[in-house]
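A.B. asks: Now for the letters of each chain:
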Amino acid sequence: MNKRYLIGGALVVLTIVGVVLFLKKQPAMEAIAGANYSAAKSIGRQGALIHMLEFSDFQCPACRAAQPTVKEAVRLYGNDMRVDFRHYPLSGHKWSALAHQSAECAAKQYRFWGYHDRLFDDQALWSKSDDPTAIFLGYAKAMGLDLEGFAQCLADETVRDSILEEKAQGNDLKVSSTPTFFVNGERFVGHIELKEKGMPFIRKKLGLPDLKPEESVAAN
Amino acid sequence: MPRIKFFFILSRNAPFLWFLARVFVGLVYAYAGFSKLMEPVENFRGAITQFEVLPMPIIPMVAHVLPWVELIVGIFLILGYAPRLSAAGLAVLSGMFLVVLGTSKFVVGSFGLTCGCFGERGIQLSFTQIFLLDIFDFCLAWGIYRRKDHLWSLGGLLGRAR
Chain A
1 MNKRYLIGGA LVVLTIVGVV LFLKKQPAME AIAGANYSAA KSIGRQGALI
51 HMLEFSDFQC PACRAAQPTV KEAVRLYGND MRVDFRHYPL SGHKWSALAH
101 QSAECAAKQY RFWGYHDRLF DDQALWSKSD DPTAIFLGYA KAMGLDLEGF
151 AQCLADETVR DSILEEKAQG NDLKVSSTPT FFVNGERFVG HIELKEKGMP
201 FIRKKLGLPD LKPEESVAAN
Chain B
1 MPRIKFFFIL SRNAPFLWFL ARVFVGLVYA YAGFSKLMEP VENFRGAITQ
51 FEVLPMPIIP MVAHVLPWVE LIVGIFLILG YAPRLSAAGL AVLSGMFLVV
101 LGTSKFVVGS FGLTCGCFGE RGIQLSFTQI FLLDIFDFCL AWGIYRRKDH
151 LWSLGGLLGR AR
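Sequence order for the protein chains is A and B. Under this note's numbering, the first residue of the first sequence is numbered 1, with each subsequent residue one higher. Under this note's numbering, the first residue of the second sequence is numbered 1, with each subsequent residue one higher.
Next comes chain A alone, as it looks inside the complex (with noise of 0.2 Å):
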């Protein structure tokens, strides 16, 4: 074997994994940490032993699948457990912004849980619309909102704002897909990923035996 050229190849990837090691930079977790979150949008009380932090797109199938694994992490460690929402609508997804609008309007009236789980319910629904905004007025009246106050808020600017910053805020940490959770600062990407590892860490965090096999469907 030619040394010169086993030589020249060693320096090329050497030189290729200190080019990506110099440029990658980790996100900053404390970004995480330093959040302020509306209580609006969290159920759990503050300091509680697990702290989820969820950036998920109501017009996303896959945030859709992750809603059963929350509510029984919810269920099941409630009185550990604070859960955070955070807006991240993808710019792929049609009604997906007109959707965060509205639960960000919801918010406003302190009835966001309500309107989330109604969002993700019917998502094949309003998603396949030709334009949602009847019906997402028709949960707000279903719900008995202020529909004034909701449909102002709906044309709010600010608010459309504040959602986009929620989103940077995503970006900050890297956030790229949803649904994206951080459990206590550890990132679980997709539904799967918090069902089959973000629950035994969460168990493992609370200092809670590994769920046998039949437990586990039992738990589900």
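Careful: at least some of the hints might be erroneous.
Taking lysine-lysine pairs in the BS3-like style, the calculated list, with each CA pair at most 30 Å apart, reads [said to hold, decoys possible]:
1) A:Lys94 <-> A:Lys128
2) A:Lys25 <-> A:Lys108
3) A:Lys128 <-> B:Lys105
4) A:Lys41 <-> A:Lys205
5) A:Lys71 <-> A:Lys41
6) A:Lys3 <-> A:Lys108
7) A:Lys174 <-> B:Lys105
8) B:Lys105 <-> A:Lys71
9) A:Lys24 <-> A:Lys71
10) A:Lys3 <-> A:Lys94
11) A:Lys108 <-> A:Lys141
12) A:Lys3 <-> B:Lys148
13) A:Lys141 <-> A:Lys174
14) A:Lys205 <-> A:Lys174
15) A:Lys94 <-> B:Lys105
I should point out that these hints are in silico values taken from the structure, not numbers from a laboratory. This one's a predicted model, so the numbers in the text were calculated from it and none came from an experiment.
Here the structure of chain A is known, so what remains is to put chain B in place on it, guided by the hints.
C.D. replies: Leaving out everything else, chain B in the frame of chain A:
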């Protein structure tokens, strides 16, 4: 007559055209690897998990190793370092991606809107786009592998052309 002339030019320029093919396939893979490496590994791990094709225990290892392999072998191919071996490696990778993508789409039905093949922030390709790109890459890589001589190769400069 013009037709004969065209094929004459093509055959005369074949080494150059294969050099372009080498750069193209190498760039596709180098970019795919680089864009994944610039993101937290969990993003790619999540993208692979969503395919529901690979067994869960090997996913973390694949998520860590695959982007490095794509980047290093892609750059090797561009530079022409061990071009036949690099091309064979990338042809195998393209073939494997075709199997995983096909299984995810047609057997499991888990393929999302985009593949995450270039990292979640990189170029987003639909199933058809990435499938065609992989077939194209596979054919080019196979053609490069079959060639014995390679134009402007680092391997040639260092005393070994293949």
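A.B. asks: If a hint holds in the structure, say so; if it does not, say that too.
C.D. replies: So, going through the hints one by one against the coordinates:
1. A:Lys94 <-> A:Lys128: This hinted pair holds, its Cα atoms lying about 9 Å apart.
2. A:Lys25 <-> A:Lys108: 36 Å, violated
3. A:Lys128 <-> B:Lys105: 22 Å, holds
4. A:Lys41 <-> A:Lys205: 24 Å, holds
5. A:Lys71 <-> A:Lys41: Distance ~14 Å between A:Lys71 and A:Lys41 Cα, so the pair holds.
6. A:Lys3 <-> A:Lys108: 69 Å, violated
7. A:Lys174 <-> B:Lys105: Cα-Cα ~27 Å, so holds.
8. B:Lys105 <-> A:Lys71: Judged against 30 Å, a Cα distance of about 29 Å means the pair holds.
9. A:Lys24 <-> A:Lys71: 35 Å, violated
10. A:Lys3 <-> A:Lys94: 58 Å, violated
11. A:Lys108 <-> A:Lys141: Holds: A:Lys108 and A:Lys141 sit about 15 Å apart, inside 30 Å.
12. A:Lys3 <-> B:Lys148: Roughly 22 Å separates the two Cα atoms, so the pair holds.
13. A:Lys141 <-> A:Lys174: 37 Å, violated
14. A:Lys205 <-> A:Lys174: Satisfied, since the Cα-Cα distance of roughly 24 Å is no more than 30 Å.
15. A:Lys94 <-> B:Lys105: 23 Å, holds
Consistency with the previously given hints fails for numbers 2, 6, 9, 10, 13, ordered from lowest to highest.
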